[in-house]
Amino acid sequence: MCVTHCEEHSIGVDPDLFESLRLELRRGCLIVAVLAQLREEHYGYTLRKTLADQGLAIDEGTLYPLLRRLESQGLLVSEWREEDKRNKRFYKLSTDGRQTLKQLLTEWKSINAAINHIL
Amino acid sequence: MELLDRYLHALKSYLPKGQQRDILDEISDAIQSEAEERQNALGRALSHDEEAELIKRYGHPMLAAARYKPQQYLIGPTLFPYYVATLKFAAGILLLLHVIVAIAMGFTSSNPVANGLRTLGGLWDAIPFWIAFITIVFAILERNQVRLKMFEHWDPRQLQPVPAPRTGEPQRIPWSESIVGLVAATVMLLYWLGVPPLDRLVFGGDGMSVRLGPELGRLHTPITMMLLMVVAGNILNIVRPYFTYLHGIARLVTDAVGLTILYVVSRAPKILVIVNAAGEGPGKYAQQEHDLNRLIGAILVIPMIVFIGDIILNVWRLAGRPGDHALRQTLHR
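Those protein sequences? They're chains V and E, same order as listed.
Position one of the first sequence corresponds to residue 352 (the numbering used here), numbered consecutively onward.
Position one of the second sequence corresponds to residue 2 (the numbering used here), numbered consecutively onward.
Just so you know, the hints here were simulated from the structure itself, not pulled from any lab data.
Because the structure is a prediction, the values reported are computed rather than measured.
Any given hint could be a false lead.
List time: in silico BS3-like cross-link candidates among lysine-lysine, alpha-carbon distance up to 30 angstroms [claimed, not checked]:
(1) Lys443/V <-> Lys13/E
(2) Lys436/V <-> Lys271/E
(3) Lys57/E <-> Lys439/V
(4) Lys57/E <-> Lys70/E
(5) Lys453/V <-> Lys57/E
(6) Lys443/V <-> Lys57/E
(7) Lys89/E <-> Lys439/V
(8) Lys436/V <-> Lys18/E
(9) Lys13/E <-> Lys400/V
(10) Lys400/V <-> Lys271/E
(11) Lys439/V <-> Lys70/E
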């Protein structure tokens, strides 16, 4: 009875609502993933590729502004350097960024364990 | 890549001034890196369409640039509840002030109802100004990251108690409301029908009395009908003391008729006249007659506001609030 009831509701879920909830869920996760990936130095394009190769695609319009924001918050440092005959902006974690990532990962593990337990 | 140049040119105009070069260089490099990689994979140059498809993924220049700006909203979620509360408070104050001024205008002008209504109409001019003003103030607070702490210190013990849960029955009309309404409407009806006659209100000692103005004679039947409707409505409320759809419609009709009659009365040059036994006058009482009519004209604004309020209340009741019942039931579990 309950299963039928729940299924009936899931059929009617508004796709826009789902998309909005999905984006909300991803927002915080992407920050953790970007910070974690930048324990090694990357420029924007290789960072995006690496994340995508590991199953976390992030679109261009989101990644570059996010990198700027994290840098302005002091979590990343960047420098322009020439590579492959072109200037590229390389990002990596700052000292504050490392500490913040450590705290975020602790929080992430705790949430992940709780969700797994609930599920 | 001509398309890339065009994209960067369009993007530049939307970017924050101090960061334009830096951001454009980075995006240019990202697009070129990806284009090169795809060219290497395909073994040929990208077509015009493929370039367009690649660039399109970076978003429309206006939206892409907007993501680099620090603030994407006028009033953020932290300040928004304060903003809404301020708008409601300001709307209440504005309404109150306009009602007070409308009544005051009624007492001081020669055409009290028209002037009173014009003053109330001024609300429509005042509201957009105050909405704009409050919005600008909150936008400035948001931009400066000001955090209000007005509601941070509160005590749950000071919250209002939850009202008693409603049953599935319609809302009950209080007996007191019906009885007071019936008595008031009956007295007015008797007075209107001449029991006791209105011209017993004698002025001075020389046989001058107060009578209805000639224009009001035409309204005799409509006013009688309306008062009869009010009496009947209150009797019905006593017999069947529940607010039903029929009750609501009947009250809306009565209120609308009452409001119309009051408006027509207020437009009459003379609502009451002072005459002698032969129906002549007002003679030396001209000033008193003038003052009396101004006073009545001003007082008429009050029942008109009451009628308007009752119409709004009845429309609200008829529209119903289906969520209320379920919410109260939940709170009382």
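Structure-based check of all given hints:
no.: 1; hint: Lys443/V <-> Lys13/E; result: holds (26 angstroms)
no.: 2; hint: Lys436/V <-> Lys271/E; result: violated (95 angstroms)
no.: 3; hint: Lys57/E <-> Lys439/V; result: holds (21 angstroms)
no.: 4; hint: Lys57/E <-> Lys70/E; result: holds (20 angstroms)
no.: 5; hint: Lys453/V <-> Lys57/E; result: violated (36 angstroms)
no.: 6; hint: Lys443/V <-> Lys57/E; result: holds (28 angstroms)
no.: 7; hint: Lys89/E <-> Lys439/V; result: violated (52 angstroms)
no.: 8; hint: Lys436/V <-> Lys18/E; result: holds (27 angstroms)
no.: 9; hint: Lys13/E <-> Lys400/V; result: holds (26 angstroms)
no.: 10; hint: Lys400/V <-> Lys271/E; result: violated (87 angstroms)
no.: 11; hint: Lys439/V <-> Lys70/E; result: holds (22 angstroms)
Hints 2, 5, 7 and 10 from the list above are not met by this structure, while the remaining hints are.
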